[in-house]
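Student: Chain by chain, the residues run as shown.
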Amino acid sequence: MKNILLYWGWDADLIMVPNFIADNLSMYQKKFDKWISNTNNNHEYWAKDSEGELALSFNGEAFVKWLNENIIENVNEKASFIKKEYVPSKEDMNLPRINF
Amino acid sequence: MKKKILLTIFLVLLLSFYLMNEFLFIFSYKYNGKIGIIDTYINNTYDNLIIYESEYKNNEYKETHGDSLISFLNSLEYNNEIYYYEAVNEDGKIKSENIIAGLEWMKKNNVPRVNISLSSKYKTDELETWIKENNDMTVYCSYNNKLNSLADYPAMYSGVIASGSDNKIKYKDIDMHYDSNKIILINKNGLKFFEGNSFLSLYTMLDKENNK
Numbered sequence: 436m437k438n439i440l441l442y443w444g445w446d447a448d449l450i451m452v453p454n455f456i457a458d459n460l461s462m463y464q465k466k467f468d469k470w471i472s473n474t475n476n477n478h479e480y481w482a483k484d485s486e487g488e489l490a491l492s493f494n495g496e497a498f499v500k501w502l503n504e505n506i507i508e509n510v511n512e513k514a515s516f517i518k519k520e521y522v523p524s525k526e527d528m529n530l531p532r533i534n535f
Numbered sequence: 031m032k033k034k035i036l037l038t039i040f041l042v043l044l045l046s047f048y049l050m051n052e053f054l055f056i057f058s059y060k061y062n063g064k065i066g067i068i069d070t071y072i073n074n075t076y077d078n079l080i081i082y083e084s085e086y087k088n089n090e091y092k093e094t095h096g097d098s099l100i101s102f103l104n105s106l107e108y109n110n111e112i113y114y115y116e117a118v119n120e121d122g123k124i125k126s127e128n129i130i131a132g133l134e135w136m137k138k139n140n141v142p143r144v145n146i147s148l149s150s151k152y153k154t155d156e157l158e159t160w161i162k163e164n165n166d167m168t169v170y171c172s173y174n175n176k177l178n179s180l181a182d183y184p185a186m187y188s189g190v191i192a193s194g195s196d197n198k199i200k201y202k203d204i205d206m207h208y209d210s211n212k213i214i215l216i217n218k219n220g221l222k223f224f225e226g227n228s229f230l231s232l233y234t235m236l237d238k239e240n241n242k
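These protein sequence lines are chains A and B, in that order. So the number in the numbering used here is just where the residue sits in the first sequence, counting from 1, plus 435. So the number in the numbering used here is just where the residue sits in the second sequence, counting from 1, plus 30.
Bear in mind the hints are in silico, worked out from the structure with no lab data behind them. We put the CB at the ideal spot given by N, CA and C, even for glycine. One or more of the hints may lead you astray.
Said to hold, decoys possible - Stretch-level coverage of chain A by chain B, calculated; a stretch enters the list once three of its residues show a Cβ under 8 Å from a Cβ in chain B:
| no. | segment |
| --- | --- |
| 1 | 437 to 445 |
| 2 | 468 to 476 |
| 3 | 516 to 525 |
Stated by the list, open to error - Think about it this way: if two alpha-carbon atoms lie no more than 20 Å apart in a straight line, the pair counts; the simulated SDA-like pairs of lysine to any residue are:
| no. | chain 1 | residue 1 | chain 2 | residue 2 |
| --- | --- | --- | --- | --- |
| 4 | A | 465 | B | 152 |
| 5 | A | 518 | B | 119 |
| 6 | B | 123 | A | 442 |
| 7 | B | 176 | A | 462 |
| 8 | B | 200 | A | 486 |
| 9 | A | 525 | B | 126 |
| 10 | B | 125 | A | 492 |
| 11 | B | 123 | A | 534 |
| 12 | B | 162 | A | 488 |
| 13 | B | 176 | A | 464 |
Build the full structure now, drawing on both the sequences and the hints.
Tutor: Here is the structure:
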């Protein structure tokens, strides 16, 4: 298992994921983006904007849940949070990361 | 000889074309209106800053995002007070309630235009409603610099004038879409380089106010 950073511009979530995900982070980010933005997917991250148009609203929970329900099959290797919504140090910024 | 002159002209034109596409050139101009900024942390001190600080302290970074915005404004020879509200709360977090509190503070201080160069994937109805209901204040925001434009708040809220440079962004009618977010600012002291949509948003704010 490896630590990765979900970076939200100011704060971040530190999560632990299986090696195969940490080593191919960009690919899994793209898969997640495709999944979450597909209007055929009836997930809980759809919201309405003030004009009544469909909009997305999500945080780190969405990515972790998606990994655990759609990608990671081994129950002993499920993704989990180590730290939530914290200001990452310069050192943490060197971890494999997704810039959301 | 004639060939050399033509070649030189061609190369100068080519270079100019490249520079104009690659960079946004901004010349300093005087703007004296009152402006507000809600952002993440200031480490340096400035004479023209009226600041609402939080208890949060971060000494790891010498120059912060907030500092770079003030530096940009001061390089533009902006010479009025800047109302600055610290969006980061004492726990180091940015919550929509902090931003709303910042907007309320700006309103109390009669600041008519506020820049928020922050980006979240999490939509909050309270903030969107506040901006919509308080339309005597103009809110300027920047889109996230990264290509991911799935969700980007508050830039995506209606009523917000948001600036960005990426073609993948779904811009609203009132937004500003620039060719580049690499800015060369030319003032009396020379050239300064800034990069990022945050600076575009500040530029949009001053430019729109100047052209009113």
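Student: Each hint: holds or not?
Tutor: Checked hints:
| no. | hint | verdict |
| --- | --- | --- |
| 1 | 437 to 445 | holds (count 3) |
| 2 | 468 to 476 | holds (count 3) |
| 3 | 516 to 525 | holds (count 5) |
| 4 | 465(A) x 152(B) | holds (19 Å) |
| 5 | 518(A) x 119(B) | holds (18 Å) |
| 6 | 123(B) x 442(A) | holds (13 Å) |
| 7 | 176(B) x 462(A) | holds (16 Å) |
| 8 | 200(B) x 486(A) | holds (15 Å) |
| 9 | 525(A) x 126(B) | violated (25 Å) |
| 10 | 125(B) x 492(A) | holds (14 Å) |
| 11 | 123(B) x 534(A) | holds (17 Å) |
| 12 | 162(B) x 488(A) | holds (16 Å) |
| 13 | 176(B) x 464(A) | holds (13 Å) |
Hint check: a violation occurs at hint 9 only; the rest are consistent with the structure.
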